[in-house]
Each structure stands twice: as structure tokens, then as C-alpha cells.
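Visitor: Between the sequences and the hints, there should be enough to build the whole structure, so can you do that?
Take the sequence shown: its position 203, counted from the start at 1, is 185 in the working numbering, and no numbers get skipped.
These are calculated hints, taken from the structure and not from any lab test.
Being a predicted model, the structure only gives us computed values, none of them experimental.
27 angstroms max Cα-Cα, derived DSS-like pairs, lysine-lysine: (1) Lys22 / Lys(-12); (2) Lys53 / Lys143; (3) Lys155 / Lys99; (4) Lys102 / Lys155; (5) Lys102 / Lys236; (6) Lys99 / Lys236; (7) Lys22 / Lys246; (8) Lys124 / Lys(-12); (9) Lys71 / Lys3; (10) Lys246 / Lys143; (11) Lys155 / Lys232; (12) Lys155 / Lys53; (13) Lys124 / Lys71; (14) Lys(-14) / Lys124; (15) Lys(-12) / Lys53; (16) Lys232 / Lys102; (17) Lys232 / Lys99; (18) Lys143 / Lys102; (19) Lys236 / Lys155; (20) Lys155 / Lys143; (21) Lys71 / Lys(-12); (22) Lys(-12) / Lys3; (23) Lys246 / Lys3; (24) Lys246 / Lys155; (25) Lys53 / Lys22; (26) Lys3 / Lys53; (27) Lys246 / Lys236; (28) Lys219 / Lys99.
Ranges between beta-carbon positions, derived for each pair: (29) Gln(-4) / Gly104: 38 to 48 angstroms; (30) Gln(-4) / Ser226: 40 to 50 angstroms; (31) Val224 / Phe133: 37 to 47 angstroms; (32) Asp204 / Gly(-1): 22 to 32 angstroms; (33) Ser28 / Ile184: 34 to 44 angstroms; (34) Val224 / Gly84: 41 to 51 angstroms; (35) Thr72 / Pro131: 21 to 31 angstroms.
For every residue, glycine included, the Cβ atom is placed at its ideal position computed from N, Cα and C.
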Amino acid sequence: MLEKIKQTADYLRQRAGEMPKTAIILGTGLGSLVDHIENKTVIPYSEIPNFPQSTVQGHSGNLIFGTLSGKRVIAMQGRFHYYEGYDMKTVTFPVRVFKALGVETLFVSNAAGGMNKEFKVGDVMVITDHINLFPENPLRGKNYEELGPRFPAMTEPYDHKYIALADAIAAEKGIRLMHGVYVGTTGPTFETPAEYEYFRVIGGDAVGMSTVPEVIVARHADMRVFGISVITDLGGKDITEVPSHEEVQKAAIKAQPTVEVLVKTMVERI
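Guide: Set out below in C-alpha cells:
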């Protein structure tokens, strides 16, 4: 694993030159943020040694280096999911590579189903914490001290100072910004009404099929994390609408301008 990380990091240094301190993982329907990145170097995942391939509609499959709000960044235009058949070490491999490249801050975004009764479709939720319901932890197995400790604390998975910064920016720009706990599940099925109610009862506000493994690995590597969910559908015993991936993409695309303003301003101020 260490050799694969080094091999991939060395390749990216040769292709992209100066390495950034900030990485961004763009979820379903949120890939348009890359349109705001200047002086881009676009590298398809298929050209990167040891990188898996994204198989999901709405995930373009490119790693993009460039400048956003005057800061050097890496952006993943499409991520990897457990439900695609990848194991957790493969799903989180890019985060390991980011750390090897010198990344200190990770932004993660996703599309999620909301069960908080105050949420509306199209809302943007800052992730304040998560509940891990995946059957496998990405740190399971041999621990490499070079990557992080055997038993990392998860007391503050999402950086409190970044959350406060997001709130200040939202107040300045008149953005409706929600807060909540993200529940990570395997997918690929959307949740049953009873499951939505269960996730709400145990403390969840939104549910999705990604993000949690990436955040665990980032925190294991002592990276600071900021996460946002776009609420693309609602679930629960009183909700009759049937969700689909197409509707999720449409709702995510509609929320893109809000996400773009928030992330661009945060990158500028960090």
C-alpha cells in the first residue's frame, strides 16, 4: 500500500507541478465547481497509476489541479463508492495520495436524503458529525504508522473553525445554511420509510452512500475536514415521493451556485 501511494504521488507531481494544500471531493451533480478553477491540469483517472475508475452517472472521473480563489487546489470530479464493489482501501486511496502530496485540508461534498423535518429539497447542510453504518471501517487491517495512529480519535471529524467560517460567510451572503449529522450507508438502494425514521431517531439529519470513509482516513492522517451535503430528496413515513438518481442529480445541480459561492469563499479565506 505504501509503495502504491508513493508511485501515484510521484506520477502526479510530474504531471501537475506545484502541489496544493487543499483538496476537494465533488459528489453527485456538483462537479461544475471545476469550471471556476483556473490554469487547470486535467488528468483522467484512467491515466493515474493505481487509481480506480468511477462508474456512476454524474461522476466525471477526472483529477483536476489548478487555482481556485487564488489558491492552489486539487479537485476530484467524481469519487469512488463502496457500492460499486470497491473495498474501503480502494475507496479511500485518493485521500491517502492527497496526504502524500502535502494536502492539509479536505473539502467533501455529497448529495443526501434528508429526514430532518426542517429541511427542504435544495438545502445545503454543513456536516457537523457523522454516524458510520458501513459494514467495514477503512482502517481495518494492518496499520501503517507512517499514515496515522492505530486508534485515531474521531472527537472532531469536521473542523469546528471551518464550520464557524461557513456560518459567517452564509450570514454575509444571505445563504440558507443548515447544520446536521450525516449517516453513511452502503447503498445502492435508497432508504425505506422505516429506515429514514430509524436514522432520524438515532440522531441523523441526512443520509448518503459516501463521505464517511474518506473523512475517517483524512482524520487518521491528521487532515482538517469540512463537509457539506446537498439535500436532494426527503424521506420518512409521511413522504410519498419516490426518489431516483436522475432527480437527485437535478436537485444537486440546482444547488450548485450556493455550493460554489460557499466553497470558493472558504478556500479564499482559509
